[in-house]
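Number of protein chains: 2
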Amino acid sequence: MTINQNQKAFLGAARELLGEKGLTCDEDDLIPWTTDWRGRYSGSAIALASPASTDEVAALVKLCADYSIPIVPQGGNSGMAGGATPDDSGTSILLSLRRMNAILSLDAEAGQCVCQAGVILQTLHEAAEKLDQRFPLTLGGKGSATIGGLVSTNAGGTQVLRHGTMRSQVLGLEAVLADGSIFNGLTALKKDNRGFDLKQLLIGSEGTIGIVTAVNLRLLPAASGRATAWIGLPSITGARTLLRYVERAMGESLEGFEVVPDHCLESVLDHLADARPPLAQGHKWNALIECMSADSDSAALREKLEGVLAGAMEAGLLEDAVIASNEYQSETFWNLRDSISAAERALGPAMQHDISVPVEQMPEFILAAIPQIENTFPGTRGVAFGHLGDGNVHFHVLAPQDAVPGEWEESTGKQISSHVYDLVTQWGGSISAEHGIGQMKVGDFGRLGDPVALGMIRSVKAALDPKGLMNPGKLVPLIEASESG
Amino acid sequence: MTINQNQKAFLGAARELLGEKGLTCDEDDLIPWTTDWRGRYSGSAIALASPASTDEVAALVKLCADYSIPIVPQGGNSGMAGGATPDDSGTSILLSLRRMNAILSLDAEAGQCVCQAGVILQTLHEAAEKLDQRFPLTLGGKGSATIGGLVSTNAGGTQVLRHGTMRSQVLGLEAVLADGSIFNGLTALKKDNRGFDLKQLLIGSEGTIGIVTAVNLRLLPAASGRATAWIGLPSITGARTLLRYVERAMGESLEGFEVVPDHCLESVLDHLADARPPLAQGHKWNALIECMSADSDSAALREKLEGVLAGAMEAGLLEDAVIASNEYQSETFWNLRDSISAAERALGPAMQHDISVPVEQMPEFILAAIPQIENTFPGTRGVAFGHLGDGNVHFHVLAPQDAVPGEWEESTGKQISSHVYDLVTQWGGSISAEHGIGQMKVGDFGRLGDPVALGMIRSVKAALDPKGLMNPGKLVPLIEASESG
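Heads up: the protein sequence lines correspond to chains A and B, in order.
For the first sequence, the UniProt record's numbering assigns the number 1 to the initial residue and increments by one for each residue that follows.
For the second sequence, the UniProt record's numbering assigns the number 1 to the initial residue and increments by one for each residue that follows.
In case anyone wonders, no lab produced these hints; they're calculated from the structure.
Do not rely on the hints blindly, as some may be mistaken.
In this list, chains with the same sequence are indistinguishable; a pair is considered to hold if it fits within one copy or across any two.
What the hints assert, rightly or not - Taking lysine to aspartate or glutamate and the EDC-like style, the derived pairs with C-alpha atoms no more than 20 Å apart in a straight line are: (1) 304 / 252; (2) 62 / 450; (3) 8 / 320; (4) 21 / 450; (5) 130 / 109; (6) 304 / 402; (7) 21 / 56; (8) 142 / 374; (9) 8 / 66; (10) 21 / 129; (11) 284 / 56; (12) 284 / 320; (13) 130 / 295; (14) 142 / 126; (15) 62 / 126; (16) 304 / 26.
Work out the full structure, taking the sequences as your base and the hints as a guide.
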């Protein structure tokens, strides 16, 4: 890569600021981080910066502003929308927050934990557990995802039904803004009405207006009871009825309500060597129900759930049900749910869509959208599974058996995605429920987003990042030539 | 008032748009609304507009943009910071949302209610109750406060400990922006990560970047059980210890934890004709505890709370306690709490401050701040009462007995407020916990706010309201001459 005079001067200043440990231009050091973990997006960068403190981040961002160097912030590089991957111009600096991985304080009494951005989610879980607390957000990538990335993308996961997304966990936040100034909002104030809630603006902004450097997160008392159930259902509309029934009966203890169609479960059972079906017979739809409580023990919670499910069965709301008799069996049920994507990959190419519609409309959406896609794109198979309780499913479309991997995704696959996003938008839903916009969906967002909302986003972006150096090409759709006139 | 040519042309166009019912320039019609309900702020306006629909609001705001007419939106005129009162230039139009008072839908199954901005809080409470639901936010002004105003100021109240402020209740939001475009975010999506969360930006923005016209609010199942307790305590630090104890023991059912010092209770007992002290003897501090449950009935909840308080007494965490034996007695306890301000008014002038610090630090703050104020301003008396569970108290300073009402507030009173806000800021707290900035605190916010946060607020305001016509003079501190150079 050729480096121009301006970049050379910037790199000199950055090296002076960050030292040898904090800056590298070595290709071998850069390569693991310039491609996203799924290998879908690839780019290049003039250097990888790894500051050790918020002050170093601030000074580096100030340098970037002075030298007009674009910045791509990165946490665990486990995002789903290419939001942490630089473009291929090779003009950006990759700013890793991974060195800033200290838990600064953990106060069980107050239920608060202050973390630097680079703390890995699983590390936080373990630290909280040691103090008989828990951090109520989890997801598949917990072993690599960082707190900063999770906040910047407002991550979801499997406990959102009860505890909300990352936004609901953030009590305070510190970020470095485009001019290198530090927004210091770490103090947790339960009530604070001093003007616009800037913290909320920064959460989910994917590094486009500020770089999250630390957060104050809420903790809950550790759960003492857990009950997990696998349910056989005749239909997806029946799943919604059961959801409402269980919500009323289990109240606050209901933490997750996931749905899995029969063929997804079959693929998983084929894929996992020693997996067994939870129920004696197959059912058109399955629901996975998770309850947690800090008040009851597992035996009491299971008994309560058993009574509720027995009532549901009597009312004709389900076909069959089994409650996990111990933690191991709970994990077995969740392993079936969590293996869907891996099992699907073994079947060939697929287009994956993380979408939401209002909870009440999700069954009808699934029933309408799957045949519409399958009819429009013959040979494909539509699959919807996931967080019914949040109105959020992963809507996957599997390629026909004769599709050529790599080629299909770029041709028919792209048309399918556009079609899915069109449908979701018609249903008043979101083309990104929990993964963010990143670079993956920025085009579709520009095409389908409400022009008024897009206008606000562009205005706020221009106001807070006037030079356009903060994670360029992500989240904020460009104005098309026809519009800008 | 003299009207210039531009204003005359605007009023003609506005009258054509809104009709006779929707626009008045009659002084008698305007007077009730150009002064805030406490009579602290007064201004004038060229007209009072009362549009009947979101489209009419949008068209009116567009007209205002075309004719450069400042807009002051207003709901129930029950705000605490003068945010809905025009300045005295007489150039603004007062935009009342009160005619838009329809509950558009109320879905008990989904737990959602779509309201126009002018719906009065108490009306919403009653509508929800009819369907065995409840809206979990309440406050003293519920008989006049409108949903639009409550959202625009992110109102709090007495159930924030458990249910959060207004921000936590809003599932979707519609607003008219400065250019007259309509931001349509009414659809409730539990997960939606399409860029910045603009809804969050509009909540609490006090009409300075958009006018809330409708919201989609969450409802909860009606509470079937209620238990209220009045507690006698030796100290405010003891109140915090009891709070943590009760939080752990009562879990999700704890909805309110209010504190009242002895002399506040005495004033209330003097002020209310037939009030009786809840406990046999006086205590230095009192706590009012409220528990609600949708699962247990009142008898069961009272029994549980009784056991918890008996344990606390054994552990030496309280001096005395009484649990309300019925709804009537619960209301009696709350009436004592809610009469503090009225009782205080009978004692003479006082400066009132709605402030917050981190929950854990509130006792120490109170213990430090009261003597500091009383020593600096001899003859005054510092009083702190309210939402200890939210780290938010109403910090009032009563005038010396010889103070001249009206005069004292403008001289010493103002100095006292500055001093209180200085202290709060030193403690990392907020000069507005739940009342907003409005015009009342805009100067102190400019003086004490974090310059980085103020810079962001000014940039966002300028980006979304480039002509500066949206509720000018509220929330956004002007840049001082010394800064702007």
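Each hint, compared with the structure:
1. 304 / 252: Intra 13 Å, inter 18 Å, cutoff 20 Å: intra and inter.
2. 62 / 450: Intra 34 Å, inter 19 Å, cutoff 20 Å: inter-copy only.
3. 8 / 320: neither (67 Å within a copy, 73 Å between copies)
4. 21 / 450: For residue 21 and residue 450, neither the intra-copy (45 Å) nor the inter-copy (32 Å) Cα distance is at most 20 Å.
5. 130 / 109: within (14 Å within a copy, 39 Å between copies)
6. 304 / 402: Cα proximity of residue 304 and residue 402: none, with 49 Å in one copy and 65 Å across.
7. 21 / 56: Intra 12 Å, inter 60 Å, cutoff 20 Å: intra-copy only.
8. 142 / 374: neither (34 Å within a copy, 52 Å between copies)
9. 8 / 66: Classified as within; 13 Å inside a copy, 50 Å across copies.
10. 21 / 129: neither (32 Å within a copy, 62 Å between copies)
11. 284 / 56: neither (55 Å within a copy, 49 Å between copies)
12. 284 / 320: Within one copy, since 12 Å is at most 20 Å while 59 Å is not.
13. 130 / 295: The answer is within: 19 Å in one copy meets 20 Å, while 31 Å across copies does not.
14. 142 / 126: within (11 Å within a copy, 44 Å between copies)
15. 62 / 126: Result: close neither inside a copy nor across copies, 35 Å intra and 54 Å inter.
16. 304 / 26: Neither. Shortest intra-copy (59 Å) and inter-copy (64 Å) distances fail the 20 Å Cα cut-off.
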